[in-house]
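Engineer: The whole structure should be built from the sequences, with the hints applied where relevant.
Heads up: the sequence shown begins at 1 in our numbering, then just goes up one per residue.
Among these hints, one or two may not hold up.
[Said to hold, decoys possible] Per label pair, the in silico range of CB-to-CB distance:
#1 Pro72 / Asp156: 30 to 36 Å
#2 Tyr40 / Leu123: 27 to 33 Å
#3 Lys82 / Arg15: 25 to 31 Å
Think of the hints as simulated: they come from the structure by calculation, not from any bench. Model, not experiment: these values are computed from the prediction. Beta carbons are placed, not taken as given, at the ideal position from N, Cα and C, and that holds for glycine.
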Amino acid sequence: MSIKKIVKYGEASLRQPSKEVHKVSQKIKVLIEDLLDTMYKNNGVGLAAPQIGENVRVFVIDVSTNDEPLNPMVFVNPKIIKKSGACISNEGCLSFPNAYTSVKRYQNVMVKALDRNGRAFVLEAKDGTLLARCIQHEFDHLDGVLFIDHMINRFDAEEQLKKNDLPPLELDKIVDEPELTEAIEKLPKEEKKEEDA
1 MSIKKIVKYG EASLRQPSKE VHKVSQKIKV LIEDLLDTMY KNNGVGLAAP QIGENVRVFV
61 IDVSTNDEPL NPMVFVNPKI IKKSGACISN EGCLSFPNAY TSVKRYQNVM VKALDRNGRA
121 FVLEAKDGTL LARCIQHEFD HLDGVLFIDH MINRFDAEEQ LKKNDLPPLE LDKIVDEPEL
181 TEAIEKLPKE EKKEEDA
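Structural biologist: This is the structure we're talking about:
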């Protein structure tokens, strides 16, 4: 289909909650193809509709590695129905060019969504895998939440934003996650090492 311009941090549409999709219409199918084309062109592992200026509840993911065939996954109207455990993830985002920081994530998630043909499916991602972390990252975009809202070290996050000429942290948007914070504090030292996303 076509490669779209990615909305950068600071643009209001990234903070707007997205609307449910009523039907996986031809228009939504075109949007899915545009998301995939744009994600692959920018070497991303995930991309949500708000990142190309479309505030609808759709995101795409492909966590295949270099030697594996492409494995595009499509999530329409996703809902996270179960989450447990905790892990630390070093994340970036196509809307934040070259900025990376450590964030809090659940280790295991179960998501329910529709595929590109409007069929319902349930997917479980465990053990803090790239897929588990990516689902949470992209799902957040649909609610106007960004990865830096889960940051672990405010100083590091601010430094990354400043270094890459991005707007400062929006302190009122930081997600209060007492359970997750507590779970991360209980992690053994070796598990507190950052995983790359």
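Engineer: So which hints don't hold here, by number, going up?
Structural biologist: The structure breaks only hint 2.
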